[in-house]
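Residues per chain, in single letters:
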Amino acid sequence: MWMLRIDMTDRSYKLEEVAERYQKLGGRGLTSTLIHDEVDPTCHPLGPNNKLVFSAGILSGTPSPSSSRISIGGKSPLTGGIKESNSGAGFAPALARMRVKAVVVEGQPAEKGAYWMVHLTWDGDKPAVEFLPAAEYVGEDLYVSYAKLYERFGKRVHVAGVGKAGELGYRNSGVAFDDMRHKPTRFSGRGGLGAVMASKGLKFVVLNSEGAPGVEYADKELFMQGAKKLRAALGEHALTKPQGALNTYGTCVLVNIINEAGAFPTRNFRTGRFAGAAKISGEAIFENNKQRMGKEIYNHACSPGCVIQCSNTIYAENGEEIVSCVEYESDWALGANCGIDDLDAIAKMVKLCNAYSLDTIETGDAIAVAMDSGLLEFGDAEGAIALIEQMGHGEPLGRILGGGTQATADAFGNPRSPAVKGQGMPAYEPRAIKGIGVTYATSTMGADHTAGYTIAPEIAGSGGKVDPLLADASKADLSRAFQKTTAMLDSTGHCLFISFAILDIPSGFEGMIEELNGMLGTHYTGDEAVAWGGEILKVERAFNEAAGLTPVDDRLPEFMKYEQLPPHDVVADVSDEIMDQVYGEL
Amino acid sequence: MHIEVWLYGPLARYGGSEGKIAALVQAELPAQSTVADLLASLELPTEERGITFINGDLSAMPGLQPDLGRILNDGDRIAFSHLKSMWPFQYRHAAALTGEMQGAVQARADGGMRSRFDEEQLSPGE
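Quick note, the sequences are listed as chains A and B, same order.
End of the first sequence = 586 in our numbering, gap-free, step of one.
End of the second sequence = 712 in our numbering, gap-free, step of one.
Hints were generated in silico from the structure; no laboratory data involved.
Everything numeric in this text was worked out from a predicted model, so none of it was measured.
All the pointers check out, no bait thrown in.
Here are the simulated DSSO-like cross-link-like pairs (lysine-lysine), alpha carbons at most 27 Å apart as the crow flies:
no.: 1; chain 1: A; residue 1: Lys183; chain 2: A; residue 2: Lys348
no.: 2; chain 1: A; residue 1: Lys241; chain 2: A; residue 2: Lys183
no.: 3; chain 1: B; residue 1: Lys606; chain 2: A; residue 2: Lys290
no.: 4; chain 1: A; residue 1: Lys241; chain 2: B; residue 2: Lys606
no.: 5; chain 1: A; residue 1: Lys295; chain 2: B; residue 2: Lys606
One side of the interface only, derived from the structure: several residues of chain A facing chain B at Cβ under 10 Å:
no.: 6; residue: Thr248
no.: 7; residue: Val253
no.: 8; residue: Glu260
no.: 9; residue: Arg273
no.: 10; residue: Gln291
no.: 11; residue: Lys434
no.: 12; residue: Gly437
no.: 13; residue: Ala456
no.: 14; residue: Ser474
No residue lacks a Cβ here, since even glycine has one placed at the ideal position from N, Cα and C.
Given the sequences, and given the hints that come with them, work out the whole structure.
Here it is as structure tokens:
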């Protein structure tokens, strides 16, 4: 295994052996540990001293089901703290097959505004890098650029890239990966890492793993046994099986449920229920597609080896594809949160965000704050589309919104900024779903809906009886357990959605642990694997503390403490002491 | 009494909608009617419904339906979703539940920490 260091200051690279400390790590565990070990927490995120790390999950590149997650890490220009953002993409297994444990991008070219691409190939017995000029792609729609890149390098490559939002240094810019049809639709969207990549003069990483030797197993038999158990659980469970909840309705299956729960943030978090929810639901997407295409269309995989296959496609009346895919979070951010109930308009906005490499959540939150500030009316889809275009074109107002939710609220003097640590909230109202509120507030990543997943009640309950309804103290305990579990899962390369099945099917959970042990040669129990996730949180937390973040940053926005949220008419009332217990007892 | 009933996805047909997106039914029921009475009036078999809400409080999930005997009140909003809907635990932790649902999950050793409750017998791969 190698650590590949790429210095963008002079466009040089070196292959290093993987240090002992990093050998059992992958994905988020490795990106966060490297950033903690090598990056000055006080550095400017867009300056020469930040680094950008790519790492595939530990199980990526194997036949393990739904294991193609690629993590990117760095200091976030959005939160000022550590950031890991991951995506399902063929890039992950390809990097793993080349036995590159991590790609560490360092330095910064002296030439401002100059861009290169890194072409990473397999050279007989090791990876090799060439640096190619990328000026011809600067400022271009990423869909156009990716089509050109696939024309130039062939269909077998994988691409990580940044678009205009990254070039402009936006805090709401993500990094795009190619989907199964070579389009730039799979995003490590959150935290502004697209701007970090662009700040290094790096426009694309083009990866060709042809000839690479593939991954190594410590105990292949154990690994295969575990993968078989996990595959069986995913194939059996109602949420993850073929034509199950996610394969039929996609993540937008949550729209009607969260709306009925009174927890669907609407019009910049003014209410928890949206009158137009059913029109933008997963059920509506499925039925509209059936009507428009004349047949039932089930969802597809975002990346090789995914058995859950939850990515939808939105088709227009004339049968043409508008975009693939619209996730629940994007649907909500650019829909209900902006008071917009027109699915086709939402799909169009998602496509624009992809083209410019904008994070859909942060973009929707920023537009909603602008609407809340009186710049335009809630529900104005054309106005929202125009604002995304202004972001993509680098116009002054677009640059303010490109700064994210908090920057937009600051520019308009609006105290109603739904952000934690500067990161805009996703699609679950923390006043109505208090458990996720604790995780939003305390996550090392800022408000993050992917920070707190659970895989086994006995682990979350520390071996005892679980009582999620008990006093507030249990919310801190559970949030801590969920965050540890998630840090572990984010390191495996698995999609977090495997947790839905393995929470209910113990053999699936056992299978995942066996896969890990078979791959790494470890003897983790479930508890030990989760404790290892806790170690990842510790390095992330240490980085954030050194960067200047304090417990005061582990709070929900003030307006949520005094504004009641209809229909439950609730406020954010989990005490500061409970928030502090999450990391106080890590 | 008057009950506002939302039926989602394939359940919309029990509300007279040919589409399978959603239906809204304004139901008139005798006082003291229960959820079971409402389901009977809609001719909706209880095993076909999944996640259920009464006034935004979770009252039932697939495999766990402690709400059948609940007496409805005039003006209640009740929403029935289909069996392919989902609400993973981490996204419902400490959300509002009906009293009956609170009792039902507290009675379980896992405290209700499951994705669903109708998968208990599954043991794939064996």
